[in-house]
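Residue numbers (the working numbering), protein chains in the order written: chain F, 7 to 415; chain D, 7 to 415.
In short, the hints are calculated from the structure, not lab data. Treat each hint with caution, since some may be false.
Chain copies aren't distinguished; within one or between two, either way the pair holds.
[To be verified] Computed list of lysine-lysine pairs in BS3-like fashion (alpha-carbon distance at most 30 Å, straight line):
hint, residue 1, residue 2
1, K296, K381
2, K296, K282
3, K296, K163
4, K381, K282
5, K163, K282
6, K341, K381
7, K163, K381
8, K282, K341
9, K163, K341
Number of protein chains: 2
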Amino acid sequence: MPEFFNVYSPPDAWRHFLRHYSPQMRTERILTAAALDRVLAEELVSPQDLPEFPRSTVDGYAVSAADTYGASSSLPAFLSVAGEVPMGQASSLEIGVGEAALVHTGGMIPAGADSVVMVENTQRVDDASIEALRPVAVGENVIQVGEDIRTGDPILKSGHLLRPQDIGGLMALGITQVTVAVPPRVGILSTGDEVVPPDQPVAPGQVRDINSYSLAALVTRAGGAPITYGIIPDNRAALEAAAAQAHAENDIVVLSAGSSVSYRDLSVEVIAGLGKPGILVHGLSVRPGKPTIIAVCDGVPVFGLPGNPVSAMVIFDLMVAPAIRAALGAQARPKQQVQARLARNLASAAGREDYVQVRLEERDGETWAVPVLGKSNLIYTLVHADGAVQIPLDSGGLRERAWVTVYLH
Amino acid sequence: MPEFFNVYSPPDAWRHFLRHYSPQMRTERILTAAALDRVLAEELVSPQDLPEFPRSTVDGYAVSAADTYGASSSLPAFLSVAGEVPMGQASSLEIGVGEAALVHTGGMIPAGADSVVMVENTQRVDDASIEALRPVAVGENVIQVGEDIRTGDPILKSGHLLRPQDIGGLMALGITQVTVAVPPRVGILSTGDEVVPPDQPVAPGQVRDINSYSLAALVTRAGGAPITYGIIPDNRAALEAAAAQAHAENDIVVLSAGSSVSYRDLSVEVIAGLGKPGILVHGLSVRPGKPTIIAVCDGVPVFGLPGNPVSAMVIFDLMVAPAIRAALGAQARPKQQVQARLARNLASAAGREDYVQVRLEERDGETWAVPVLGKSNLIYTLVHADGAVQIPLDSGGLRERAWVTVYLH
Chain F
7 MPEFFNVYSP PDAWRHFLRH YSPQMRTERI LTAAALDRVL AEELVSPQDL PEFPRSTVDG
67 YAVSAADTYG ASSSLPAFLS VAGEVPMGQA SSLEIGVGEA ALVHTGGMIP AGADSVVMVE
127 NTQRVDDASI EALRPVAVGE NVIQVGEDIR TGDPILKSGH LLRPQDIGGL MALGITQVTV
187 AVPPRVGILS TGDEVVPPDQ PVAPGQVRDI NSYSLAALVT RAGGAPITYG IIPDNRAALE
247 AAAAQAHAEN DIVVLSAGSS VSYRDLSVEV IAGLGKPGIL VHGLSVRPGK PTIIAVCDGV
307 PVFGLPGNPV SAMVIFDLMV APAIRAALGA QARPKQQVQA RLARNLASAA GREDYVQVRL
367 EERDGETWAV PVLGKSNLIY TLVHADGAVQ IPLDSGGLRE RAWVTVYLH
Chain D
7 MPEFFNVYSP PDAWRHFLRH YSPQMRTERI LTAAALDRVL AEELVSPQDL PEFPRSTVDG
67 YAVSAADTYG ASSSLPAFLS VAGEVPMGQA SSLEIGVGEA ALVHTGGMIP AGADSVVMVE
127 NTQRVDDASI EALRPVAVGE NVIQVGEDIR TGDPILKSGH LLRPQDIGGL MALGITQVTV
187 AVPPRVGILS TGDEVVPPDQ PVAPGQVRDI NSYSLAALVT RAGGAPITYG IIPDNRAALE
247 AAAAQAHAEN DIVVLSAGSS VSYRDLSVEV IAGLGKPGIL VHGLSVRPGK PTIIAVCDGV
307 PVFGLPGNPV SAMVIFDLMV APAIRAALGA QARPKQQVQA RLARNLASAA GREDYVQVRL
367 EERDGETWAV PVLGKSNLIY TLVHADGAVQ IPLDSGGLRE RAWVTVYLH
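The shape of chain F in the complex, shown without the other chains (with noise of 0.2 Å):
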């Protein structure tokens, strides 16, 4: 069997992962105090009009705008006052011609009124009157019934991650519970005989488990929930039982392979045994990530990623959170980007995609994105990187000083 098989850009990987894909969502209700960060699961649109009464902008005097038509500090609009609106309640006051009443920020408006005059634009005649200084307008001062959101009026829709101001949009509505995607389970397994956990001595010839720990974290913060089955050893009867239990018990399947061609070549066959219809790409035109492998078997995404951690990571943005985003049905949004001088020329072949790794820093007030040497096999490559320029399929490099977008790590 050749090496690599069946190689595919980036976006046309996506699209043929997606063509065999059909995500199974589970959803569950939640108190939307407790929705920071979720993705909903149904359409909301507003069961009232907001607000539901008329409220005052400013502190001042509710009036009949066509009382002060003309009003000026030479000629004052005269007018009685009837009362206070008291906050929090409505008011039994109705205004009639010439009348006014006191009104604080966020107090109803009462009946009659149609505006309100500013308190700094009035002046006190005694305890029943005052003077209006300035006119208003019909309106004016006045958040209207509805002006917010009215009812019926489409709120959020399915996908949507929820943000602060969400929350509080829906507290206003009296929406405090939610139906949200419950995050799709992950399951991670990393392979090698010379991988030894973390938190154990290694020997010569030994290295501690990097990717289990970097892919778990990388699934908690794409909205997935990490399930991590330690390191297999290297054999085809232990990696078969360990894909095949995860298989069963996860959404998505994530194996980090030892990174020898024969590694390679188990994971494959023990991927594509799992099920229907099996391996779809193998072989990604990226660099670093060529030795990927993209399988969707009995409806389960598995993605085999290539060893080393800076290859994984690059394999994981492109492929695997998106997958975790289509098992949420969250929409797409904006990747946390800024915008940088390039701080040297970067080479790239064409017909291949490259993400360079780089660290941002501040020179003469603009922000530069300074190239991380290093293997792609070596972990302190991305801790000393901010984020990761691409350069794209069609190009064959970028020039030093031109600008760049650094997708933050």
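With chain F's structure known, arrange chain D on it following the hints.
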């Protein structure tokens, strides 16, 4: 007392605040595997070289490079195979002149070898010998001892927000526990006689509490631990008692005040009574958000935020989130941002920072920032926005089609 007596620009207000605030950071020791998005509270240096032994980056034959000089397909270098390096073990092999050892990706380079010939560039002669078809240089296809990181090299600084790759990098070194900052407790008080809890029926003249919930979510996002004190009735004794309790129990206190002048005056007096030096800033040259109070009372920052939700969020981002990061000892990170074209002219007064809520739209492959019109007392202005555009202090406004930075919510 004049309503605003101490108006600052946001940068000046922040500097003035910092002169009076000395964060008292608390730390705790936790598992590195559970430290995602926590703030590191120690300087870490590498306790060892990584890797601790030279490793192969390919599948191939470990050799002494000198034995391959001049090798080609027509004139290969003949090498006798001394054995195979087992994965995860130190090899007892010692490679002499004219010898090679089979090694897998990640395997240890045996003594006497200084480079690896890729298996693709060799040809098997018999069980005990191969031909190298290309020369290799000293160090080729080898990760040297300490090439990833060396003993004593700085790893991460105190104040660093731990990302997935940082967790991987620490695990690689066997650093399975870290000291991190304890999230500061942030007490949140809402006031206003018209405000009722969202899960209760509202009568005419009443509105549901928004800010307790959106502020709590903002505190969580900023890395703090929100503690809500509910809705405080609008009288001096109740507000004084609640503020004193929150001041005693928290690292930072946030009051979301009723929006009328009398409420604001009451907030000023209650905050001023909480301790020394008291109110530092009363009024910010920013729209929305002018009626902001910034105080430090016996070491505890106290923020009086405007009652309307848009202003409260703008000021939270400008002042409270940075105060939480200061309490965590966290390094500044670039804000989430995207570049977009402005969809219409925006006017502004010089001498004032403006924050305009925008939603993002894709048009012809470009991202546009479309201002969301709506009064700053409307929560759905925020719900319909993806982010905000800043119009700087010294600017008279921004032109349609200009490229702007949108800070994402």
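Task: Violated hints, by number in ascending order, as checked against the structure - done: 3, 4, 5, 8
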